[in-house]
Amino acid sequence: MARPRALRLSLSLLGVVLFFAVWEALPRLGLVKSMLLPAPSGIPASFWQEVSSGAWGEAVLQSLRHYVSGLVLGSALGVALGVATGMSRTLEDMTNWIVRLLRPIPGLAWVPFAIIWFGVSPTAANFIIIVGVFWINYFSALSAVQAVDRDLIELANAFGHRSPLARLFKVILPASVQPIMAGLRTGLGQAWMAVVAAELFGVAGLGQRMMQASSLLATDIVVVYMITMALLYGVVDAGFVALRDRLLAWKA
Amino acid sequence: MISIKDLTLSFDSDRGRTIVLKDFHLDIADGEFIAVVGASGVGKSTLLRVIAGLVKPTSGTVTRDNPETPGRRPYALVFQDARLLPWRRVVKNVEFGLEGLGLDKQTRRRRAQGALELVGLSDKADRWPHQLSGGQRQRVAIARALAVDPDLLMMDEPFGALDAITRQGLQDELVDLWQRTGKTILFVTHDIDEAVYLADRVILLAGSPAGVRSTDQIAAPRPRQRDDATARHTANAIRGRLSGTVVDGEGI
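Protein chains in written order, with our numbering: chain A, 20 to 271; chain B, 139 to 390.
Mixed in with the good hints, there may be bad ones.
To be verified - Restricting the straight-line Cα-Cα distance to at most 20 Å, the calculated cross-link-like pairs of lysine-lysine (PhoX-like) are:
no., chain 1, residue 1, chain 2, residue 2
1, B, 194, B, 143
2, B, 262, B, 230
3, B, 230, A, 270
4, B, 262, A, 270
5, B, 243, B, 230
6, B, 160, B, 143
To be verified - Pair by pair, the computed Cβ-Cβ distance ranges are:
no., chain 1, residue 1, chain 2, residue 2, range
7, B, 252, A, 263, 45 to 51 Å
8, A, 99, B, 252, 36 to 42 Å
9, B, 271, A, 124, 50 to 56 Å
10, A, 201, B, 205, 46 to 52 Å
11, B, 245, A, 137, 37 to 43 Å
12, A, 188, B, 331, 51 to 57 Å
13, A, 28, B, 245, 53 to 59 Å
14, B, 317, A, 91, 54 to 60 Å
15, A, 124, B, 304, 29 to 35 Å
16, B, 269, A, 263, 17 to 23 Å
17, B, 205, A, 260, 39 to 45 Å
Just so you know, these hints were derived from the structure itself, not from any lab. Cβ atoms here follow ideal geometry from the backbone N, Cα and C, with glycine treated the same way.
I would like the entire structure built from these sequences, with the hints used as guidance.
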């Protein structure tokens with residue numbers, strides 16, 4: 020039998036309380052040095068201190084700037100090339116081997132080149148994010164387009180929509196919105212990881228601020244930024260899901 | 139009038155050349171209701187696709203007396219599956235063939251609503267396809283075909299996937315629709331009783347490569363009875379000819 024809602028809710032709440040209780044207890048009871056693991060009760064004060072000094076807002080804005088520009092460019096490129104390759108046999112055959120060669124290279128393996136080409140700069144961060152989200156979107160778009168029901172293409176032909184553009188907009192894109200959206204959403208998370216990674220190498224933003232704090236053993240500040248990352252990602256993801264559900268209203 | 143002359147269609151594959159249709163010949167008078175029957179896989183659907191221009195014939199021609207008229211399409215197809223676009227509301231599905239004809243939005247909407255009225259689904263215009271029953275979906279597909287005001291309405295086993303009661307209801311509706319609109323209809327089915335009940339003329343497609351095996355005028359007066367004796371007689375005669383032509387036991 021399904022658990023009553025109230026019981027499930029209180030269990031979830033209990034889990035959260037236990038989690039924080041153990042976390043609080045570890046440094047308090049002297050089991051872990053509080054310098055290594057700051058107690059959660061001290062975090063709000065550190066948070067406030069970081070926010071009121073202006074450092075937090077600046078870091079968030081810098082990171083978001085990298086994130087949004089890299090994400091938009093990488094996703095757009097990935098979807099566009101994926102769709103184009105999915106619609107063109109020639110393009111698919113031409114890119115087949117190149118893709119197989121480049122695809123297994125992890126996005127972060129491009130960090131050395133990003134720094135050599137662009138220095139420790141926002142452009143380097145952008146580059147790493149673009150590479151990170153490109154492949155996800157390329158493959159989701161490619162396989163989405165290839166999976167479009169042939170019968171729907173025939174329908175488009177039968178009712179006069181025979182040019183590649185008409186086919187693209189009347190059938191192929193709407194039919195593959197859902198898997199493309201799934202790819203975009205995976206990219207949201209991937210890009211966020213790439214942002215932090217790029218900044219850990221010194222590009223200004225959340226990651227860099229976190230590294231500075233860690234080198235001063237200001238672990239409470241490190242936690243502040245970890246929570247910030249989780250919150251920002253949560254907000255972006257929730258916004259995306261709301262947008263997706265509007266676009267896919269016909270599924271309901 | 140629509141004239142199909144010496145239509146031949148063959149495919150080249152690894153196993154050599156397969157001739158699907160050979161020297162198919164048919165003149166269709168305006169307003170006529172023609173049914174094409176034959177065993178599964180004999181090439182009935184292919185014939186419709188050649189006429190609709192979805193498949194290029196190896197040789198032969200399809201010509202129409204009527205000149206191209208703006209705002210119309212010469213041929214329209216109804217498939218066995220309704221083949222509605224799930225991301226479009228019903229009325230937008232009916233507008234599908236009207237797009238790209240240079241009609242403004244209001245005209246498209248007006249004609250789509252007119253077509254929906256013809257099939258008795260005006261009240262479902264704003265529904266999503268998945269909210270309709272199988273019979274309703276097929277009626278939307280018929281409305282979509284009627285909306286482009288075709289010279290020839292082609293139907294490829296349109297009621298084959300429906301339950302018996304829905305099928306009979308739609309058969310009667312189709313005859314009614316045909317009489318009210320004066321459309322020319324080419325109706326493919328493997329159900330000989332259905333063909334004899336609906337059509338003015340029944341063409342038996344048989345052989346390999348397929349050609350016209352026989353043509354029967356159905357003299358039964360309209361409105362027809364399902365148990366009309368002469369019609370029954372004709373149906374049995376066609377069945378006899380069909381089993382005579384089937385080579386490897388593939389019957390009906």
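Hint check results:
A hinted pair counts as satisfied when its Cα atoms are at most 20 Å apart, and residue 194 of chain B with residue 143 of chain B qualifies at roughly 14 Å. At most 20 Å may separate the alpha-carbon atoms for a hinted pair to count; residue 262 of chain B and residue 230 of chain B meet this at roughly 11 Å. For the given pair, residue 230 of chain B sits about 16 Å from residue 270 of chain A by alpha-carbon distance, which is consistent with the 20 Å threshold. This hinted pair checks out: residue 262 of chain B and residue 270 of chain A have alpha carbons roughly 17 Å apart, not beyond 20 Å.
Taking the CA atoms of residue 243 of chain B and residue 230 of chain B, the gap is about 11 Å. The hint holds against a cut of 20 Å. Note on residue 160 of chain B and residue 143 of chain B: the hinted pairing holds, with a Cα-Cα distance of about 11 Å set against a maximum of 20 Å. Range check, residue 252 of chain B to residue 263 of chain A: Cβ separation about 35 Å, and the 45 to 51 Å hint is violated. A hinted range of 36 to 42 Å for the beta carbons of residue 99 of chain A and residue 252 of chain B is consistent with their spacing of about 39 Å.
The beta-carbon spacing between residue 271 of chain B and residue 124 of chain A, approximately 52 Å, falls within the hinted interval of 50 to 56 Å. Our hint of 46 to 52 Å for residue 201 of chain A and residue 205 of chain B holds, since their Cβ atoms are close to 48 Å apart. For residue 245 of chain B paired with residue 137 of chain A, a C-beta distance near 54 Å fails the hint of 37 to 43 Å. Between residue 188 of chain A and residue 331 of chain B the beta carbon distance is about 43 Å. The supplied range of 51 to 57 Å is therefore violated.
The given range of 53 to 59 Å is respected by residue 28 of chain A and residue 245 of chain B, whose C-beta atoms sit roughly 55 Å from each other. For the pair residue 317 of chain B and residue 91 of chain A, the beta carbons lie near 57 Å from each other, so the given range of 54 to 60 Å is met. The given range of 29 to 35 Å is broken by residue 124 of chain A and residue 304 of chain B, whose C-beta atoms sit roughly 56 Å from each other. At roughly 21 Å, the beta carbons of residue 269 of chain B and residue 263 of chain A sit within the given window of 17 to 23 Å.
Between residue 205 of chain B and residue 260 of chain A, the C-beta spacing of about 53 Å breaks the proposed range 39 to 45 Å.
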